[in-house]
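There are 2 protein chains.
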Amino acid sequence: MRKFPGMMAVALLAWPVGLLQAQSGRQAADAAAAYTTAHRAELTAGFERLLAMPNVAADPAGLQANAQYLLAALKARGASAQLLTVPGAPAVVYGELRRPGATHTIVFYAHYDGQPVTASEWTTPPFQPTLKTVDGEQRVFARSAGDDKAAIFAQLTALDALRAAGMEPQANLRFVWEGEEEAGSPHLEQILMAHRDLVHGDVWLICDGPVDQSGRQTVVFGARGDTGLEITVYGPQHGLHSGHYGNWAPNPAMMLAQLLAAMEDADGHVLIPHFYDGIAPLSALEKQALADAPDNEAMLRRKFWLGRTDGGGRHLLELLNLPSLNINGMAAAQVGARATNVIPAMAVADLDLRLVVGEDWRVQQQRVVDFIASRGYFVTDHEPTQAERTGHARVAWVKREGNSYNAVRTPMDLPMAQEVIAAVKAARGQVVLLPTMGGSVPLGAMERAAKTRTVTVPIANFDDNQHTANENLRLQNLWNGVGTMAALETMP
Amino acid sequence: MRKFPGMMAVALLAWPVGLLQAQSGRQAADAAAAYTTAHRAELTAGFERLLAMPNVAADPAGLQANAQYLLAALKARGASAQLLTVPGAPAVVYGELRRPGATHTIVFYAHYDGQPVTASEWTTPPFQPTLKTVDGEQRVFARSAGDDKAAIFAQLTALDALRAAGMEPQANLRFVWEGEEEAGSPHLEQILMAHRDLVHGDVWLICDGPVDQSGRQTVVFGARGDTGLEITVYGPQHGLHSGHYGNWAPNPAMMLAQLLAAMEDADGHVLIPHFYDGIAPLSALEKQALADAPDNEAMLRRKFWLGRTDGGGRHLLELLNLPSLNINGMAAAQVGARATNVIPAMAVADLDLRLVVGEDWRVQQQRVVDFIASRGYFVTDHEPTQAERTGHARVAWVKREGNSYNAVRTPMDLPMAQEVIAAVKAARGQVVLLPTMGGSVPLGAMERAAKTRTVTVPIANFDDNQHTANENLRLQNLWNGVGTMAALETMP
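These protein sequence lines map, in sequence, to chains A and B.
Heads up, the first sequence is in this note's numbering, so the first residue is 1 and it goes up one at a time.
Heads up, the second sequence is in this note's numbering, so the first residue is 1 and it goes up one at a time.
Quick caveat, the hints were computed from the structure, so don't treat them as lab data.
Some hints here could point you the wrong way.
[Said to hold, decoys possible] In silico DMTMM-like cross-links for lysine to aspartate or glutamate, where the CA-CA straight-line distance does not exceed 25 Å:
#: 1; chain 1: A; residue 1: LYS303; chain 2: B; residue 2: GLU388
#: 2; chain 1: B; residue 1: LYS303; chain 2: A; residue 2: ASP381
#: 3; chain 1: A; residue 1: LYS303; chain 2: B; residue 2: GLU383
#: 4; chain 1: A; residue 1: LYS399; chain 2: B; residue 2: GLU121
#: 5; chain 1: B; residue 1: LYS303; chain 2: A; residue 2: GLU383
#: 6; chain 1: B; residue 1: LYS303; chain 2: A; residue 2: GLU388
#: 7; chain 1: A; residue 1: LYS132; chain 2: A; residue 2: GLU121
Please read these numbers as outputs of a predicted model, since none were measured by experiment.
Hey, can you work out the whole structure from these sequences and the hints?
Following this line, the structure appears as structure tokens:
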């Protein structure tokens with residue numbers, strides 16, 4: 001990864017932090033609160049219109065409709081806007097509001113695509129936004145309600161609120177809204193590199209992910225990297241009767257269970273050799289931030305019905321600063337009413353690997369592959385042939401996720417980092433500072449292509465069911481988010 | 001299990017074995033061969049008509065249509081036939097051909113129901129019988145082609161062949177065709193007990209399962225028992241983002257993998273305490289039969305693309321005389337294109353347990369449950385509540401299969417066993433004798449209710465894909481099977 005350019009660091013050091021900004025941040029947040037209170041019904045309906053537009057990777061036409069809708073929304077607010085495209089990828093929606101005489105440029109990143117949906121798992125249809133009361137508060141249920149259309153809607157609404165209050169941005173504002181973040185952002189770097197002048201900024205504000213579980217506004221200075229592997233292990237060429245061949249024909253579900261089981265101890269510690277090698281240690285400031293963060297452990301365990309947690313008693317926020325190995329899904333033959341007495345022909349597991357600063361995703365993938373081989377497997381990168389399956393005691397087909405990226409962490413003591421903290425504090429009061437988000441955003445690609453550093457300012461509630469069924473946003477988080485965005489949109 | 005009644009043993013000892021029977025068996029098989037050769041096209045079409053009738057447990061109307069069709073087939077051949085029913089269960093199709101002056105009664109058992117189908121996994125639709133050439137020989141592909149409509153069709157056709165040759169049965173013949181064998185025969189014993197006089201016989205011939213993999217006709221003297229368990233283990237109350245909670249929220253797929261992995265060593269030997277306790281040893285005659293059986297190991301490994309087998313190098317036929325534990329299916333969240341980066345809420349495994357003589361299925365289930373508990377799980381017999389999940393580090397919901405039964409083995413040196421061997425040898429020449437079939441048939445219920453002993457005479461090819469997609473029957477096995485049935489139908 002490229003180093004942070006020295007020239008820009010000088011520019012950032014010269015950036016004033018002070019009373020003026022705190023005042024403008026506070027005024028902007030007040031303007032946002034007045035505006036969202038006055039227009040609540042209309043804003044809720046507008047958010048629902050955005051959520052009703054299907055936005056999954058399997059539906060390119062749906063993604064395009066979202067992009068056109070957002071392009072129009074930017075133009076309606078006076079932005080110079082366009083779609084940044086490369087063949088075969090959803091467009092990046094781009095807009096700019098130039099401020100004559102501005103000395104800084106602030107870029108707001110968010111994404112308009114959503115995770116795939118399994119509609120049968122949803123209580124209400126994923127693209128039919130539905131208001132429900134949860135713990136006495138209103139939430140809207142729909143795919144991308146929290147991840148990540150809330151951020152886009154808050155950025156747009158903050159512009160409206162500022163205009164309604166007669167306030168104007170001080171810096172040039174740029175908006176970069178991606179359309180394939182949930183697919184691993186395979187084309188983002190390419191699109192940004194093709195438009196470096198457009199997307200460059202003094203800082204990129206990543207508006208994605210949830211705030212701290214305590215509900216307090218959060219500023220995050222990095223994100224874990226992400227990669228993955230799909231592992232298929234093989235039994236007989238086709239399913240065999242479990243009576244006539246049970247005890248003799250190897251069962252691939254059992255083989256997969258034994259392979260996966262050996263990857264972790266009972267406490268979730270990964271046993272794959274070198275898995276934790278090379279991790280960059282936390283700075284004193286980062287450790288202090290973790291120590292200052294709210295202790296949400298007991299509340300989270302209750303909320304998620306957990307009788308224990310992994311990690312040997314360490315707190316969630318500490319564990320998010322370590323790499324992880326997660327089984328996203330596992331399958332062999334059928335369970336439930338469709339189960340039959342069969343020795344399955346194969347068994348599959350989908351693994352997610354999160355990385356922290358100091359690790360490389362290709363190396364981490366290879367560590368897992370080496371481990372599989374060390375367990376006696378002949379590992380292929382293609383569907384194994386009859387000869388390969390007959391010729392080896394154990395065969396695993398490993399598909400390596402290519403749309404992967406490394407972790408990024410911006411030092412909290414960089415001047416621009418301090419600026420963002422000041423603006424958010426002005427708007428929201430007490431703020432939780434975290435070195436790393438557990439989830440992943442392709443920060444490295446952004447930093448390389450836009451020649452900038454990133455700071456993440458999420459607005460969604462932590463319990464928004466993002467990436468699963470019944471995703472939702474607590475509406476109060478949307479109104480708070482408009483205030484936070486208004487403060488950031490009026491940074492000097 | 002009740003003892004075999006002494007009176008009947010005396011009757012069997014008095015049953016003549018000799019030249020007369022060998023002649024009639026040979027003549028019957030010759031008559032069958034002449035008949036099936038002369039009517040091949042018509043018989044193939046007739047078999048396809050039977051296979052085209054859907055016969056899965058989820059379709060009671062389909063099962064009833066099968067029963068009516070078979071009832072008519074028995075009546076058309078002069079049998080006194082009826083449906084034996086209890087509420088809520090598919091009927092047993094019953095028929096009798098009385099022979100005036102007969103001193104013995106022979107009962108032919110088969111089943112007309114089939115395993116569930118997952119149509120998408122089939123090359124051609126499961127209830128659209130399709131002829132295909134495999135290794136230069138014709139096979140018909142359809143659910144139940146091998147398991148177990150072939151046996152029913154062979155029994156009916158053998159009657160037609162005998163009549164065409166002017167031959168008649170010597171004993172009373174009874175036909176008992178069950179409709180819920182694939183569901184574990186939950187009502188069979190009840191139905192038989194309600195009609196004990198109808199279903200009693202000097203011997204029950206179980207016409208189900210495949211012949212030896214060498215292709216030779218097989219006579220089997222028992223079957224493994226069968227039971228099962230479904231295990232669900234729990235993670236968070238709903239799926240959680242694998243980034244924001246990975247390393248902290250326990251992953252139920254990993255928990256299940258570790259639980260299952262601990263049940264067996266890498267060679268398939270079950271590690272659950274007492275799993276192999278109480279097994280009745282094989283007799284000298286049974287051990288000799290195993291030693292005389294063909295060695296099909298290398299052929300089977302090639303055919304099934306296996307680079308190794310479980311069991312430490314022991315042969316399949318030896319391993320089938322041991323209990324087994326098989327993972328029928330395993331599932332957590334999604335794999336493939338629908339996988340998301342999620343910590344699943346639960347993970348499920350469906351286990352099949354086969355038993356041998358000397359073991360009780362309830363005890364074997366309990367051994368597995370005790371093992372799960374010994375791994376730190378709180379085991380429930382119901383979907384665990386929030387309080388149960390929050391209050392225990394590990395929770396497993398275990399559903400115990402109720403439709404289960406124990407293994408049965410008829411000694412090969414019983415006179416009636418020797419009679420059956422003589423008839424089959426007369427028809428088919430060299431015969432493979434096996435103490436135990438790997439698969440399961442509810443022999444115990446039959447023996448208790450009908451006060452008889454059982455001998456199994458299968459006719460299907462071993463590679464018939466029973467219990468999975470693309471089930472098929474090699475047509476030559478059907479023609480051979482008609483000969484075998486004709487010889488058995490003319491036993492004295």
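Query raised in the report: For which of the previously enumerated hints does the structure constitute a violation, in increasing order of number?
Result: Checked against the structure, no hint fails, so every one of them is satisfied.
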